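Undergrad: Chains E and P, in that order, give the protein sequences. First residue of the first sequence: 1, per UniProt numbering; consecutive thereafter. First residue of the second sequence: 1, per UniProt numbering; consecutive thereafter.
Treat the hints as calculated values from the structure; they're not laboratory data. Predicted, not measured: the structure shown is a model, and the values here were computed from it. Watch out, some of these pointers could steer you wrong.
Same chains, same label: a pair holds when it works inside one copy or across any pair of copies.
[Said to hold, decoys possible] Below, computed lysine to any residue pairings styled on SDA-like, alpha-carbon distance capped at 20 Å: (1) 308 / 113; (2) 293 / 151; (3) 308 / 118; (4) 23 / 225; (5) 308 / 119; (6) 196 / 156; (7) 196 / 164; (8) 293 / 149; (9) 308 / 112; (10) 308 / 149; (11) 23 / 61.
There are 2 protein chains.
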Amino acid sequence: MQERQRVYIQEVSVRDGFQIEAKFVPTEQKIELINALSRTGLAKIEVTSFTSPKAIPNLADAEAVMSQIDRMPGVVYAALVPNVRGCERALACNVDEINLFMSASRTHNLANIRMTPEQSLEQFQKVADFTGDKAMLNASVSTAFGCPFEGEVPADRVMDLIQRYVDMGIQGVSLCDTTGVANPTQVRELCERVRKRWPSLLLTLHFHDTRAMGLPNVMAALSAGVDRFDASLGGLGGCPYAPGASGNVCTEDMVHMLEAMGYDTGVALEPLLDIARLLPEIVGHEVPGQVMKAGPYTRRYPVPESVKGM
Amino acid sequence: MQERQRVYIQEVSVRDGFQIEAKFVPTEQKIELINALSRTGLAKIEVTSFTSPKAIPNLADAEAVMSQIDRMPGVVYAALVPNVRGCERALACNVDEINLFMSASRTHNLANIRMTPEQSLEQFQKVADFTGDKAMLNASVSTAFGCPFEGEVPADRVMDLIQRYVDMGIQGVSLCDTTGVANPTQVRELCERVRKRWPSLLLTLHFHDTRAMGLPNVMAALSAGVDRFDASLGGLGGCPYAPGASGNVCTEDMVHMLEAMGYDTGVALEPLLDIARLLPEIVGHEVPGQVMKAGPYTRRYPVPESVKGM
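Here chain E stands alone, though its shape is the one from the complex:
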């Protein structure tokens, strides 16, 4: 029997999803959810963000969550960090991975974090120096496939940024399609370039399903050799520029598709679906996930009575 190809699934709902919810999810509930997710076989969980509680009140409990969750061996527990102060807080909670973030487009970076890309790169260097070998480092590039203000983001700019990160000793890079504008042709081309130039870089792709291209883009990235994807339980998360549209690529829908295709995600689908089905109550609204509503493709229905004996 042919060995199945491994794909690593990285859960972002509790950070990327919860941060934009109207409702604060109680700390205890966050911890329970993360503990349940830890047992499904996910490769990584982005637990929280060590940012200013004023900027993101929903994640004001970063320390409590990070230090009180059960840490499953084999799962990487990451946290988003905006600067050295955040890094210090994250390291005090013993995170496995520091995730830095900036936008590839200048306007989006200014709008989102009020820094120029050059200032962001300076911050990255400071955090990298401060972190040393106390944690893994990952750099997330927002608007890597296009910007809602500037439009096209040249692939060369993304390539230049990655070179800067690699020079700083950052081990992982996430290319994020923040507003769901990437298409599969573009994704395949950029991923092939990145994989060719930095074959040992830990490359993650982070897609949004805003325009229904989330899973098609996952397929395109797979075909370029990418094996790490961010995803969000239930498809939580989203984009302030697309009200009503779907959010992040949905974790359980992605796992369902990849396993059906013959990939090995390491994730147990049924427990993941059970957890996803808790989300509408936790966040107080319906979520975009499809498989939680339809059931997996293996679901069978009873043969109708009218047909029996025909």
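Guided by the hints, dock chain P onto chain E, whose structure is given.
TA: Just chain P, lined up with the frame of chain E:
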């Protein structure tokens, strides 16, 4: 400049979508909608179904719709037909194409149309004989990738059915993933087999997005050389076995993705989006389409005031 690869988009909303709506869409509104769709560049429109008005009351106006729409040159106007009586009615309205249908799985065929597959094939032969060269003939195979009652549907069974259709002189075949269970690996494998054995067959793939695999399956079929896809405006339609889940692959989301990828669909996206945005009022509920909510990937947002001058 490289010539863009042509993909043919075939609209099914007014038949496959409307037939399951709770509300009867008035005849005049159907005609207006079809006339508007005709002008967008779609390759084919499945206009209605010449079935018993008792079985599908929503399409009881088949004759009126089919005979009163404006026929745009270059657009194929098709109708679903269950038997010779339906075929006679359809031909009297001068349809371009007769679309026959049956399920690959015995239980689904019995449940859906109360015939065994053998009886369906007899009907197909009778309709083919009756039609002669008065219209094109297409055979739609439901549950071609799996059955909600029987589970797996062997690819060999689908291959055998196609051979029967080809022997009857049927020119086109649609492989339909009726309940949204197909995955991209399976789609690619079956499409490659079909394309290799019948290279000149007019092969259509008809996907549902029930489990978020609609557009990924389109990508898989494209990679196997398929260039014809059914789709439904707004993602109308659906599956009685998956309440709450999405319906057919959404026409404008598919056109948006394919054009972004560099394919030539022949369809003008903006007019199509304008028509899609009328649907919630026509059917009385929200529809799953994403691009109609988020806007196309080319959409630009004004630069925030706070950023200006930074």
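Undergrad: If a hint holds in the structure, say so; if it doesn't, say that too.
TA: Against the structure, the hints come out as follows:
Taking identical chains as interchangeable, the C-alpha atoms of residue 308 and residue 113 lie at most 20 Å apart only when they sit on different chains, with a minimum of 14 Å there against 64 Å within one chain. For the homomeric pair residue 293 and residue 151, the shortest alpha-carbon distance between copies (18 Å) is at most 20 Å, but the shortest distance inside one copy (35 Å) is not. With identical chains, the CA atoms of residue 308 and residue 118 are at most 20 Å apart between copies only, with a shortest distance of 17 Å across copies and 71 Å within one. Taking the shortest Cα distances, residue 23 and residue 225 never come within 20 Å of each other, neither inside one copy (38 Å) nor across copies (47 Å).
Taking the shortest Cα distances, residue 308 and residue 119 sit within 20 Å of each other only across copies (17 Å), while inside one copy they are farther apart (71 Å). Taking the shortest Cα distances, residue 196 and residue 156 sit within 20 Å of each other inside one copy (14 Å), while across copies they are farther apart (40 Å). For the homomeric pair residue 196 and residue 164, the shortest alpha-carbon distance inside one copy (17 Å) is at most 20 Å, but the shortest distance between copies (48 Å) is not. Taking CA atoms no more than 20 Å apart as the test, residue 293 paired with residue 149 passes between copies only; the shortest distance there is 18 Å, against 35 Å inside one copy.
In this homomeric assembly, residue 308 and residue 112 come within 20 Å of each other (Cα to Cα) only across copies, at 13 Å, whereas the closest approach inside a single copy is 61 Å. Taking the closest pair of Cα atoms, residue 308 and residue 149 come within 20 Å of each other only across two copies (12 Å); inside a single copy the shortest separation is 60 Å, beyond that limit. In this homomeric assembly, residue 23 and residue 61 come within 20 Å of each other (Cα to Cα) only inside a single copy, at 14 Å, whereas the closest approach across copies is 48 Å.
Checked against the numbered hints given earlier, the structure breaks only hint 4 and satisfies all the rest.
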